[in-house]
Structure formats: C-alpha cells, structure tokens
Amino acid sequence: MFQAKVKSETLKGIVDVVSTLVDEAKFNVNAKGVSLKAVDPAHVAMVDLKIDKSAFEEFAADETELGIDLDKIKEVLRLSRAGDIITLSQDEDKNRLVINVGNVTRRMNLVDTTGMSDPKVPNISLPAKVAVNSEELQKGIKAAESISDHIALIATAEGFEMISEGDTDSASLKLTKDMLVSLECKENVRSLFPLDYFSNMIRAIPSGTVVSMSIGNDYPVKLEFAIADGKGTVDYLLAPRIESD
Amino acid sequence: MFQAKVKSETLKGIVDVVSTLVDEAKFNVNAKGVSLKAVDPAHVAMVDLKIDKSAFEEFAADETELGIDLDKIKEVLRLSRAGDIITLSQDEDKNRLVINVGNVTRRMNLVDTTGMSDPKVPNISLPAKVAVNSEELQKGIKAAESISDHIALIATAEGFEMISEGDTDSASLKLTKDMLVSLECKENVRSLFPLDYFSNMIRAIPSGTVVSMSIGNDYPVKLEFAIADGKGTVDYLLAPRIESD
Amino acid sequence: MFQAKVKSETLKGIVDVVSTLVDEAKFNVNAKGVSLKAVDPAHVAMVDLKIDKSAFEEFAADETELGIDLDKIKEVLRLSRAGDIITLSQDEDKNRLVINVGNVTRRMNLVDTTGMSDPKVPNISLPAKVAVNSEELQKGIKAAESISDHIALIATAEGFEMISEGDTDSASLKLTKDMLVSLECKENVRSLFPLDYFSNMIRAIPSGTVVSMSIGNDYPVKLEFAIADGKGTVDYLLAPRIESD
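Chains as they are written, first to last, in my numbering: chain E, 1 to 245; chain Z, 1001 to 1245; chain D, 2001 to 2245.
Treat the hints as calculated values from the structure; they're not laboratory data.
The C-beta atom is built at its ideal place from N, Cα and C for all residues, glycine as well.
Treat the hints with care, since some could be wrong.
Coverage of chain Z stretches by chain E, computed from C-beta distances (three or more under 8 Å per stretch; other residues unrestricted) [said to hold, decoys possible]:
1) 1140 to 1150
2) 1166 to 1175
Keeping only pairs whose Cα atoms sit at most 20 Å apart, straight-line, the calculated SDA-like set for lysine to any residue is [as the list claims (entries may be wrong)]:
3) K12/E - K1139/Z
4) K2012/D - K2094/D
5) K74/E - G1166/Z
6) K2231/D - P2206/D
7) K1139/Z - D84/E
8) K1142/Z - S35/E
9) K142/E - G2083/D
10) K1142/Z - S170/E
11) K2142/D - D1084/Z
12) K2094/D - S170/E
13) K177/E - S148/E
14) K1142/Z - K120/E
15) K2139/D - K1053/Z
16) K1174/Z - K139/E
17) K174/E - S2117/D
18) K139/E - P2206/D
19) K1053/Z - T1105/Z
20) K139/E - V2039/D
21) K2142/D - R1107/Z
22) K2174/D - G1166/Z
23) K1142/Z - A152/E
24) K2174/D - V1098/Z
25) K2094/D - G166/E
26) K1174/Z - S80/E
27) K2012/D - C2185/D
28) K2074/D - S148/E
29) K2037/D - K2053/D
30) K120/E - S35/E
31) K94/E - D1167/Z
Please put together the full structure from these sequences, using the hints given.
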C-alpha cells in the first residue's frame, strides 16, 4: 500500500537525481519513507536516495516496491506548476500507479521489479572532503565542456580544482579554501572522471545546494547532498578513469 | 475592392484559427465584413469564420474574394508587435494584396480561388452542450499527448470528461458541473476524436476564451467561440473516429 | 607582450562583429590598442576594426600579433555575465592566450598568423551617406528574409529605402529624411547586395547603434559604426551584386 501527497517541486527534485542514471527504477517504500539504490546501465555510476516521509504533505505506506518509468512521472510534472500538490496512490489490484494533478488523472502500469536488485553501496573512506556550492561546480563543468571528455578533480590543503585538458586547450576552475563551504584534506589527491557522467550528475543538483565531495587518488568520487528541503539525502558515486600519462 | 486597418493581434487571431486547417484560404469580403469556410485537405475538420467590419480599425470593401497564403501573413505578423496597426489593401490591377506595418511594405500575389468552393456547413443538433474555459481544454490535451492518438469527449448531467487511453496508461481530465461555464446534457454522450486535430484546434484558441462544445454519440463535435474581442465568431467541426471496442 | 582586462560585453561586441566574417582572425596589438582587418573566405566582405586601449579596464602591450579562434572566445564569454571582468594575457613561451573569468582559467593555443596578411581597405568616396538607427535596418532585413536572396539599398534626396523583390512578392522598408539620423545625397543611388551577408553584418551591430552607410550605384556599401562605448570603430565593406534587369 502506498498513498501520498507531495509538492510538485519535491517530486521533480527526486525524479531529476534518479533519471540522470536510469530510465526505470525500483522505489522501496515503507512506513518511514522512500529509498532507492540504482546503478546506470554501464555500471559507471550509482545513486543512493533516502526520502523521509516528512518530505511529503501526506504519506501512508506499508512495505512495498514500486517499479516506475521516470519519463512518465516527468510528463505528469509538466502538467503541474511549482506549489501544485500531486497525489500518488498505488492501485494494487491493477498493479498501477494513479497520479492526480488538479483535475487531471494519470494512470500508469508499474514496471516489473523482478531482476531489479538493490546494488550494494561500497563503504569508502577517502582522504579529502570538499564541500562547495553546486553553482561553482556547474561553472567548472561549463568551462570544461568543449575541451575534453574527462575532468580531473583535485584537492589539496589549499583548495579544490577541476581541470579539463585537451590537445591544444585547457580549462580549470580553482577554488581556494575561503571559497569553499569546508575543506578537509589529509593528502593531495587527484582523480579523473568521464565528463558526461559528472556533468549530468551536477546538473541534476538544484542551484544553491551544498555538495560534499569525497575524493581520493584514482578512486571513485562520492557526492552527497540534501534534497526535499533537507528531508532527503542523495549519494552519488562515480567510478574514475585511469589517467594514461 | 478591399481596404482595411486592423490591430496586429486581431489579424493574428484570425490567421491562427484558419491556418490550423489550411495553408491557403479564400476570404469572402463584402461591405459588412469578412467570412470564410474551409475544410482541411483530409476532409476531417471544417472551420466557419465570420468577422464583422467593426473588428477592424477601418474597413471599406465591395463584394470580393481574396485568396491568401496564410504563411505570408504570418511572416508579416512577425514584423509587428501587439498594438501595431496593419494596413491591408487589395491592388486589383496587379491582383495583389499590399500590407503595411510601420515603415515596411509587403506586396504579395493573391492566390487563385478558382476551385476553392465554400464547403456546406452541416446543421447539426446535438444532445449535450458544454461551455468551458480554453485553458482547461489545453490542460486535458497536454495530459493526453503521450498516451494515445485519440481522445474521447464525454458529457453527463454531472460534468465533462476528456479521456485518452493507451495500452498501459491512461490520462483523463474531469470537470464537474461547477467547474464549467455551463452544461446542458439531455443524455450521456461519448465521441472519440483524432488527438492531433483536436489538439491543433484547441491550441489555436486564445487562452481565456470560453469554448462551447456540442457533443453527441459517435458524432462530430462542434466548437464555437468568439475572436476579435467578440466582433467575430468561429465554428470548428471535427469528424469522430469510430470506437472499435 | 599583451595583458588586458576587459568587460565581458565589450569583448563580446568585438568578437561579434569579426566572427560574422571569419572564424579565425589576426589581432594586431600595440601600446595604443588593438586593430584588425579581415576578409571573408569568399572575398565578398571586409571588416576593419580599431579599438583604443581606453576601451579596456587595463591594457599593457608591446607590438604583437594574436591569431585567435573566435569560437573559443565565445565559449569563454558564455561563462561570463554582463559586467564581469575578463582577463586576457599572452603566454609568449607557450604561444598561448590565457583567459580568466572569475575562478575559471582557460588556456588556448594561439593560431598561426603566417599567411594571414592584412587586406588593403579600399578608399572609396560615394555620392550618398545615410545615418540610421540599427533597429530600422534590422526591421528591413527581417521583412526581406522570405522574399529573395538579394536586397537593394536606395538613397535619394527624400530618404532611404531597402527593397527585396521575388517572383511573386516584394518587401520594402522606406525611411523618409525625418526618420533618419542624417542624409547626404548628391544623386539618386541604388546598389544590390547578397541578403545573407548584409543580414549577418546588421545582426552583429548592437541595437541602438547609429550606422552610417555610404552608398553608390552598383558599388560596394560601407557601414561605419562605433563599438566599445565609442572607444572603438568598425568599418564593414560589402561587394555589390550586379542587377540583371
């Protein structure tokens, strides 16, 4: 059983961070809220999402799994405006999700979740932790776009840097310690990532969000941030590319 | 002879409702105003337009026919802003329409109207009449778009519903009697229509317009609404699709 | 040596007028400022640009040539907002241009300028000179777009006209003397130009700019206007098409 009311923008925030990696996803629902773990088809990136029931205007649920085609939720969101309340309810008999926005009712078949196993989220401990406003990361990505397919994340005791290097050109964003929300750095670290994945992840994060990045040497990066007005958390994990120089 | 001045937005409203169905059209002009009847190339839909001369800032005409390429009028409209006055005059010697917007003069050959006969508008009487704000219809269409190629219009004594049903999903807009401008319904009716035609018609209607829909059972729908600040009327007729269930 | 700070919008204005004709350009820099002369690949149009060092917030340079890929400057401009200060500095050792916008650093290889000779700007004296606001020219171009590939510029003692004539349609913009900033016209003149070139040039001129056009009979047109808040000047020259009627 699942029955909830949620603000349009809250639902949009949830869908945005997940649809960056997968088209269909299994949402685990119980009396406390909603959670989801998913890996992209190429097994390069992972999302680990937890939303407390307090993020919803109303929330009532037994333990259940909802297999959802995220594009269909986006279609419904396009019918709503910020501030609109969206009603979601599971129709267990017909294995459907019923969504109401204003006078519009949308019914959609739930996706079969057999074979959608929850990936194990690795417990990693990394030597550097950089907290920064998402706008800064967006700027760094925009600068890197025409230069290369990769982006290096670098942390030192002095600050954080994003570098993209091509054959003739390079672009970098350098943030000294005072421009960061916080910086812990036990040793100098540098890891290289596929720009398209990193860019899509950063774009899914709302402007004005503080993103905490855990960085190592040639190691996955972990991005942690809050969504749903602080009632939910997202962890993104992205596998590194090994530098060939 | 035809010579008129008209507000940019009034001319745009006229062109929008007609160009939804045809690229070229024959406008019948006389001393009282302008009228037009046209059927789309697939003979699925019809438009019946009447504009009183009072919709124009200035208007002087003898009985004449003007064959007009509507795309060319749209090009001229793109040179103008709301509130601009557009001058139209027939150059009978050269069989041209001369249009002035500000300092720009556009001359265009009139289209040959031989063979553009006025279609007969059927006089239909239908058991249900629903008057509703065009925004509501726009919402219903947007919801239906990704679901199916058809949309059903349903009226009962309780209200009006638009339903689109696909293989796995459905979308509906339900408006109870109190959400409608008016409702007359002698019997429950339902007709199915091609979504693309219905959608294009609804999109051609300015927001904030009250649309009166006459609906029957597996019968054409008639949409009536005012344009040109109430100085003109449009009737759209759309043929039904027969339901196969 | 070249080292400068410049407002984002000033740099954008410079790049816009040059990139209309060429993708890569040789900027001649000396202690007094920056200049550039370039011909488009088809040798139909020419740009002659002079920017005084006072157009820059800071400026220090020895005589040098900078071969620049203008698309790369546009990418950097997309990272900035109006009012942002952009720092440009030549890295002579690596033959690079280093650009800073906020915390972003972009390094780009300079383009080889061997073979980029400065074209000679012909010294032409023409019988008519028309000064007009760039918005008016933009309107005339928009009106001409769907009519023909050519546009005629006409000046008489009474005013200025832009005419585009197709097989069935024509569009013209007519400005009487009182609608012009100034008009000197010793004899009636008319020249025909390729619309795409003329249109691209006019679009590169900021709105609200007074453009001085020198026009002859079947002769190149010269467009002169100020950029960089009056601290720079641009001359465009465009070759005529010979009329076949």
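Against the structure, the hints come out as follows:
Only residues whose C-beta sits within less than 8 Å of a C-beta in chain E count toward coverage, and the stretch 1140 to 1150 of chain Z has 5 of them, enough to reach three; the restraint holds. With 8 residues carrying a beta carbon less than 8 Å from a beta carbon of chain E, the stretch 1166 to 1175 of chain Z meets the three-residue requirement, and the given coverage holds. This hinted pair checks out: K12/E and K1139/Z have alpha carbons roughly 19 Å apart, not beyond 20 Å. For the proposed pair K2012/D and K2094/D, the alpha carbon gap of about 25 Å is over 20 Å, so the pair is violated.
Of the pairs offered as hints, the one joining K74/E and G1166/Z holds, with about 17 Å between alpha carbons and a cut-off of 20 Å not exceeded. Restraint check for K2231/D and P2206/D: the C-alpha separation of about 15 Å stays at or below 20 Å, so the hint holds. For the suggested pair K1139/Z and D84/E, the alpha carbons sit about 14 Å apart, so the restraint of at most 20 Å is met. Only pairs whose Cα atoms come within 20 Å are accepted, and K1142/Z paired with S35/E is rejected, the gap being roughly 30 Å.
Taking the CA atoms of K142/E and G2083/D, the gap is near 19 Å; set against the 20 Å cutoff, the hint holds. Restraint check for K1142/Z and S170/E: not satisfied, since their Cα atoms lie roughly 44 Å apart, outside the 20 Å limit. Taken as a hint, the K2142/D and D1084/Z pair is honoured in the structure, with Cα atoms around 16 Å apart against an allowance of 20 Å. As the CA atoms of K2094/D and S170/E are separated by approximately 13 Å, the hinted pair is consistent with the 20 Å bound.
Distance check on the hinted pair: K177/E and S148/E sit about 26 Å apart at the alpha-carbon level, beyond 20 Å; violated. Under the criterion of a C-alpha separation no larger than 20 Å, the hint pairing K1142/Z with K120/E is inconsistent with the structure, at around 39 Å. Simply put, K2139/D and K1053/Z have alpha-carbon atoms about 30 Å apart, too far for the 20 Å limit, and the pair is violated. Of the supplied pair hints, the one linking K1174/Z and K139/E is violated, its CA atoms being roughly 45 Å apart against a limit of 20 Å.
For the hint pairing K174/E with S2117/D, the CA-to-CA distance comes to about 38 Å; that exceeds 20 Å, so the pair is violated. A threshold of 20 Å between alpha carbons decides the hint, and for K139/E with P2206/D the separation of about 27 Å lies outside it, so the pair is violated. For the given pair, K1053/Z sits about 23 Å from T1105/Z by alpha-carbon distance, which is inconsistent with the 20 Å threshold. Simply put, K139/E and V2039/D have alpha-carbon atoms about 35 Å apart, too far for the 20 Å limit, and the pair is violated.
Note on K2142/D and R1107/Z: the hinted pairing holds, with a Cα-Cα distance of about 15 Å set against a maximum of 20 Å. The hinted pair formed by K2174/D and G1166/Z fails the criterion: a straight-line CA distance of about 56 Å is larger than 20 Å. Among the hinted pairs, K1142/Z with A152/E is inconsistent with the structure: their alpha-carbon atoms are about 43 Å apart, more than 20 Å. Taken as a hint, the K2174/D and V1098/Z pair is honoured in the structure, with Cα atoms around 14 Å apart against an allowance of 20 Å.
Simply put, K2094/D and G166/E have alpha-carbon atoms about 15 Å apart, close enough for the 20 Å limit, and the pair holds. At roughly 16 Å between alpha-carbon atoms, K1174/Z and S80/E fall within 20 Å of each other, so this suggested pair holds. Between K2012/D and C2185/D the CA atoms are separated by roughly 34 Å; this puts the pair beyond 20 Å, and the hint is violated. Taken as a hint, the K2074/D and S148/E pair is honoured in the structure, with Cα atoms around 17 Å apart against an allowance of 20 Å.
Restraint check: the Cα-Cα separation between K2037/D and K2053/D comes to about 17 Å, which is no more than 20 Å; the hinted pair holds. Of the supplied pair hints, the one linking K120/E and S35/E holds, its CA atoms being roughly 14 Å apart against a limit of 20 Å. A threshold of 20 Å between alpha carbons decides the hint, and for K94/E with D1167/Z the separation of about 13 Å falls inside it, so the pair holds.
Violation of the numbered hints given earlier is confined to hints 4, 8, 10, 13, 14, 15, 16, 17, 18, 19, 20, 22, 23 and 27; the remaining hints are satisfied by the structure.
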